[in-house]
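Residue numbers (the working numbering), protein chains in the order written: chain A, 294 to 532; chain B, 294 to 532; chain C, 294 to 532; chain D, 294 to 532.
Please note that the accuracy of each hint is not assured.
Any copy, or any two copies together, can satisfy a pair, since identical chains are not distinguished.
As the list claims (entries may be wrong) - In silico DSS-like pairs for lysine-lysine, Cα to Cα no more than 30 Å straight-line:
1) Lys532 - Lys497
2) Lys295 - Lys508
3) Lys307 - Lys508
4) Lys416 - Lys399
5) Lys416 - Lys307
6) Lys399 - Lys508
7) Lys532 - Lys440
8) Lys475 - Lys508
9) Lys295 - Lys532
10) Lys416 - Lys440
11) Lys528 - Lys416
12) Lys416 - Lys532
13) Lys306 - Lys440
14) Lys528 - Lys497
15) Lys295 - Lys528
16) Lys396 - Lys508
17) Lys440 - Lys528
18) Lys375 - Lys440
19) Lys317 - Lys532
20) Lys375 - Lys396
21) Lys532 - Lys307
22) Lys396 - Lys532
23) Lys399 - Lys475
24) Lys400 - Lys475
25) Lys375 - Lys501
26) Lys501 - Lys532
27) Lys532 - Lys306
28) Lys317 - Lys396
No wet-lab data here; the hints were simulated from the structure.
Protein chains: 4
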Amino acid sequence: MKVTVWNENRHEKKNPIVSEIYPKGIHGQIAYFLEEAGLDTKTATLDEPEHGLTDEVLNETEVLIWWGHLAHDEVTEEVAEKVKQRVLDGMGLIVLHSGHFSKVFKKLMGTGCDLKWREADDKERIWVADPTHPITEGIGEYIDLEKEEMYGEHFDIPAPDELIFISWFEGGEVFRSGATFKRGRGKIFYFRPGHETYPTYHNKEIQKVITNGVKWAANTNTPNPVRGNHQPLEKITEK
Amino acid sequence: MKVTVWNENRHEKKNPIVSEIYPKGIHGQIAYFLEEAGLDTKTATLDEPEHGLTDEVLNETEVLIWWGHLAHDEVTEEVAEKVKQRVLDGMGLIVLHSGHFSKVFKKLMGTGCDLKWREADDKERIWVADPTHPITEGIGEYIDLEKEEMYGEHFDIPAPDELIFISWFEGGEVFRSGATFKRGRGKIFYFRPGHETYPTYHNKEIQKVITNGVKWAANTNTPNPVRGNHQPLEKITEK
Amino acid sequence: MKVTVWNENRHEKKNPIVSEIYPKGIHGQIAYFLEEAGLDTKTATLDEPEHGLTDEVLNETEVLIWWGHLAHDEVTEEVAEKVKQRVLDGMGLIVLHSGHFSKVFKKLMGTGCDLKWREADDKERIWVADPTHPITEGIGEYIDLEKEEMYGEHFDIPAPDELIFISWFEGGEVFRSGATFKRGRGKIFYFRPGHETYPTYHNKEIQKVITNGVKWAANTNTPNPVRGNHQPLEKITEK
Amino acid sequence: MKVTVWNENRHEKKNPIVSEIYPKGIHGQIAYFLEEAGLDTKTATLDEPEHGLTDEVLNETEVLIWWGHLAHDEVTEEVAEKVKQRVLDGMGLIVLHSGHFSKVFKKLMGTGCDLKWREADDKERIWVADPTHPITEGIGEYIDLEKEEMYGEHFDIPAPDELIFISWFEGGEVFRSGATFKRGRGKIFYFRPGHETYPTYHNKEIQKVITNGVKWAANTNTPNPVRGNHQPLEKITEK
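Please build the complete structure, drawing on both the sequences and the hints.
What follows is the structure, given as C-alpha cells:
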C-alpha cells in the first residue's frame with residue numbers, strides 16, 4: 294500500500310521545541326512509524342513545487358495523511374481541489390489534529406470545522422466509543438496523553454458515519470476525537486491528537502491508531518459508478 | 294414561519310410546456326401551496342439583483358427552498374457562499390430535484406452530487422423508508438407519479454443522516470429520493486421529484502411532503518456554540 | 294399530548310434521602326414539571342396492578358417516560374413486551390438514567406446496555422453535541438450538575454441515530470448521555486442524568502431537556518406500513 | 294478465519310426442487326464457495342444436537358452465517374440467546390434472506406423485522422448504494438437476478454449503520470437489501486437474496502458479496518471494554 298504523508302513543515306523551521314521533538318519533521322516521524330509497520334510511505338511538504346502533490350504523486354497515493362496548521366491559506370486552491378477530487382475518486386485520507394481547518398477537510402465536510410481550543414498542558418484521555426472498529430485494533434479502552442492541546446465541542450462537522458473516539462480533557466471539555474466519513478468513493482478518518490509542541494507521534498498507541506486508520510482507509514477495488522444520461526434497463530410503457 | 298422559495302425561473306421563460314404547467318413559475322406554485330398551508334412565504338429568482346437573496350432577505354428567511362437546473366453556473370459565488378453560511382448559522386434548506394447540482398448543495402455536501410438521469414416518462418413510485426419521521430406525516434406507504442424524470446443510483450452524496458424515501462423507477466433504477474442532512478446549526482432536506490415538464494408540484498402528496506419538510510427544517514432556538522480560544526472550566530494541574 | 298411517567302418508586306420508600314428530595318416520588322416530580330409545561334401527564338408505578346400499565350393506559354399514552362433501578366427484574370415479561378410493542382407501534386419513549394438496564398430498553402436496543410458507574414459525587418458537565426436538534430431548544434452549550442453518579446464508556450448500545458449530549462465527569466470519564474433511536478414507528482430518547490440521591494429533576498435545564506424530549510418523541514400521524522404477502526403493483530413478465 | 298454456516302435444512306428434505314438446486318443443502322453450497330475462497334468453513338443444522346451450535350462450536354466460530362425460514366420457532370430460546378451473546382462478544386454474523394425473521398436477528402435488532410414479500414418470479418436488481426464499502430469489492434454497479442422472491446419496504450429494522458445495497462423489483466417495490474449493524478463488539482451483515490427455489494447461491498456475484506461480508510464481519514482484536522463499578526482516574530473534590 295502506497296502512503297503519502299503531507300505536512301506543512303513550518304513549525305519545525307520556526308520553533309526549536311518542535312524541531313527537537315521532531316528532528317525529521319512531523320512528516321518524517323509519521324513516515325518512520327508507518328514504514329516500520331510495513332507500509333510503503335513517502336512524504337510531501339508545503340514548500341515543494343505543487344506542495345509535493347503533483348498529479349503523479351496523487352495518482353499513485355492510496356492513502357494521504359494531512360498535517361497543517363499555520364499555513365492553511367498558502368495551500369493553493371488548485372491543489373486543495375485536486376486532493377478533494379482524488380478522495381472522491383477513492384484515495385483514503387487521514388486528517389490529523391489542526392488539519393481540521395485545512396482547505397481539503399473543510400471542502401469535504403461542507404461545514405465550518407471550527408472548535409474550542411486551548412494550549413495549557415491539559416491532560417487528555419481518549420476513550421474508545423466503538424469497540425468493533427478495525428481502527429481500534431490492539432488498543433485498550435483508552436489512551437492517556439499527559440499533555441496536549443485541548444479541543445472542545447461543539448466541533449462543527451457533519452455527524453460522523455462512525456464515532457470511534459471521544460476525548461476527556463482536564464479543563465472540563467469533551468471532543469469527538471476520532472471520526473470516520475465516507476465521501477464519494479473515498480474514506481476519511483479524522484484523528485485529533487498531535488499538537489506540535491508535544492511528543493504525541495512518538496506515542497506507540499497513537500502510532501497504532503494512525504497505522505490502523507491508513508489500513509482501513511485504503512480502497513479495495515470497490516465499484517466505480519457511472520453517472521449521467523442512462524438508458525433504461527427495462528421497457529418503459531408509452532403513456 | 295418565514296419561507297423563501299428560490300427558483301432560477303428560466304425553463305418557464307423558454308419552454309411553453311413549462312409555463313403552461315406553472316403559469317406563475319415553479320416558485321409561484323410552491324409559494325401558493327405553502328401559503329395555503331399557513332406559512333408566510335416569499336419568492337426570489339435568479340434574475341433579480343443579488344438573485345433576490347439580499348442580506349436582508351436571507352437574514353429573515355427561516356427556511357429556504359431551492360429549485361435550479363439550467364443556470365447553476367450563473368449563481369454567483371458570493372451568493373452561494375452566503376446561502377451556505379446562513380444554513381450553517383441555522384436557516385433550514387429544502388433542495389428540490391435538479392437542485393442536487395446547485396453550488397449551494399454541492400458546497401454543503403462536499404461531494405460531486407452527480408447521479409444517473411433519463412427523460413423518458415418513467416413511472417416513479419416513492420416509498421417511505423422511515424415511518425417515524427415528521428416529514429412523512431399524513432402520507433401513505435408510497436406516492437405514485439405517473440411520469441417523471443428518472444434519477445438513479447449511485448447518487449454521490451454523503452450517507453444521509455436520515456433516509457426518508459426510496460424511489461422505484463419503471464426503467465429499472467432506484468434512488469434515495471428523500472434524505473436529511475444536518476450541517477452546522479442548519480437542517481437540510483433533499484427531495485427528488487419535480488421535473489419542470491411534469492405537473493409534479495400540483496400533486497397534493499408532494500405538496501404535503503414539502504410542507505412537512507419546511508416545518509421540520511426550521512430552527513427552534515437551539516444553542517449557538519461559541520468556538521475559538523476557551524478558558525478552562527476546571528483547574529489544570531501543573532506538569 | 295398524553296404522557297405517562299412510569300417509576301419503580303422503591304428508593305422513595307426505603308431511603309429517606311430520596312423521599313426528602315422527591316416527596317411525591319421521582320414520578321411525581323417529573324409529572325409536575327411536565328404539567329407546568331402544559332402536557333397532559335399521568336403517572337404509573339411498579340406496585341400497581343400490571344405496574345399501572347394496563348392496555349387502556351398504554352393505548353392512550355403518546356409518550357412514556359421510564360425510571361427504574363432496583364427492581365428491573367420485577368417488571369413482568371408480559372408488561373415489558375407490551376411496552377416494547379407499543380413503542381414499535383408508535384408510542385414515544387423517554388428512558389432516564391438507570392433505565393438503561395430496564396427490560397424494555399434492553400429489548401429495544403438488542404445489546405447489553407451495560408456501562409461503567411460510580412457513586413462518588415462526581416461533577417458532571419453535559420455538552421451539546423448536536424446544536425440542530427429540537428431536544429436542545431432553549432439550552433446553553435452545556436449543563437453543569439454539581440454532583441451526580443458517574444456513567445462511563447463504553448456504553449453498550451447500538452450507534453445512536455442521533456448523538457445529542459456527551460458528558461464529562463470529574464473522575465476522568467466521558468459518556469454519550471443523550472441519544473435518540475428510532476425503532477419501528479416509535480422514537481426513543483435516552484437521557485442519562487437523574488440519580489435518586491441528587492436533586493437532578495429539580496434542575497430547570499434538565500426539566501427543559503426532558504420536556505423537549507417528550508415533544509420530539511410524540512408520533513405525528515406518520516404512515517403505518519402494511520407487511521406480509523403483497524400483490525404486484527406492476528405487471529411481472531412470465532419467465 | 295473460522296466460519297460456520299448454519300442452515301435449518303428443512304426445505305431441502307421436503308421439496309425436490311430445492312434438493313435438486315442444492316444437493317448438499319444450502320449450507321453445503323455456501324460452505325463450498327467459502328472454502329473455495331480459502332476460508333476454513335464448517336456447517337451446522339437445526340436437527341443436530343443443540344442445532345449444531347454447541348459452546349465449543351460457537352466459541353471457535355469467528356463468523357456465523359444464518360439461513361432459516363420454516364422453523365424459526367424450533368430454534369430453542371437457549372441457543373438463540375447464546376448466539377446473540379456471542380455476537381455481542383465479537384463473533385461476526387451474516388444473516389441471509391428469510392433469516393430476517395430468525396430469533397437471533399430479531400433479538401439483535403429489537404424490532405419486528407417484518408417486510409412485504411411475494412413469490413412470483415420477480416426480476417431483482419441489486420444496486421450498490423455505498424461504493425466505498427469492502428463488501429462491494431469486485432462487484433459492478435448492480436447485480437441482476439432473473440427470478441427471486443420479492444421483499445419490499447417498509448422493512449422493520451433500525452436504520453442500518455451502513456446501507457450497502459438497495460433492490461429494485463419488477464413488481465414495483467424497493468428494499469434495503471444489504472445493511473450492516475454493529476452490536477456490542479460484533480458486526481452484522483444482512484443480505485437479502487437467496488430464496489430456496491432459485492439457484493441464487495450459485496451466482497458468482499452473490500458468492501462474492503457473501504465472501505466479502507464474512508471477511509468484513511470478522512473481529513480484529515478490538516478492545517473488550519470492562520463495565521461495572523469503576524474507580525476514578527482523577528481526583529474528585531469533596532463537596
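We went through each hint and held it up to the structure:
1. Lys532 - Lys497: between (66 Å within a copy, 21 Å between copies)
2. Lys295 - Lys508: both (10 Å within a copy, 22 Å between copies)
3. Lys307 - Lys508: neither (33 Å within a copy, 47 Å between copies)
4. Lys416 - Lys399: within (28 Å within a copy, 35 Å between copies)
5. Lys416 - Lys307: Intra 26 Å, inter 41 Å, cutoff 30 Å: intra-copy only.
6. Lys399 - Lys508: For lysine 399 and lysine 508, both the intra-copy (23 Å) and inter-copy (29 Å) Cα distances are at most 30 Å.
7. Lys532 - Lys440: Only across copies: lysine 532 and lysine 440 sit 8 Å apart there, 70 Å inside one copy, limit 30 Å.
8. Lys475 - Lys508: both (15 Å within a copy, 20 Å between copies)
9. Lys295 - Lys532: neither (54 Å within a copy, 39 Å between copies)
10. Lys416 - Lys440: Both, since 5 Å and 22 Å are each at most 30 Å.
11. Lys528 - Lys416: Between copies only: 11 Å across, 64 Å inside.
12. Lys416 - Lys532: Result: close only across copies, 9 Å inter versus 69 Å intra.
13. Lys306 - Lys440: This pair counts as within: shortest intra-copy Cα distance 22 Å, inter-copy 47 Å.
14. Lys528 - Lys497: Answer is between: at 26 Å across copies they meet the 30 Å cutoff, but 59 Å inside does not.
15. Lys295 - Lys528: neither (45 Å within a copy, 44 Å between copies)
16. Lys396 - Lys508: Classified as within; 24 Å inside a copy, 33 Å across copies.
17. Lys440 - Lys528: This pair counts as between: shortest inter-copy Cα distance 14 Å, intra-copy 65 Å.
18. Lys375 - Lys440: neither (35 Å within a copy, 39 Å between copies)
19. Lys317 - Lys532: Answer is between: at 27 Å across copies they meet the 30 Å cutoff, but 70 Å inside does not.
20. Lys375 - Lys396: both (11 Å within a copy, 18 Å between copies)
21. Lys532 - Lys307: between (72 Å within a copy, 25 Å between copies)
22. Lys396 - Lys532: neither (49 Å within a copy, 35 Å between copies)
23. Lys399 - Lys475: both (14 Å within a copy, 15 Å between copies)
24. Lys400 - Lys475: both (13 Å within a copy, 16 Å between copies)
25. Lys375 - Lys501: within (29 Å within a copy, 33 Å between copies)
26. Lys501 - Lys532: Between copies only: 26 Å across chains, 61 Å inside a chain, cut-off 30 Å.
27. Lys532 - Lys306: between (71 Å within a copy, 26 Å between copies)
28. Lys317 - Lys396: within (25 Å within a copy, 41 Å between copies)
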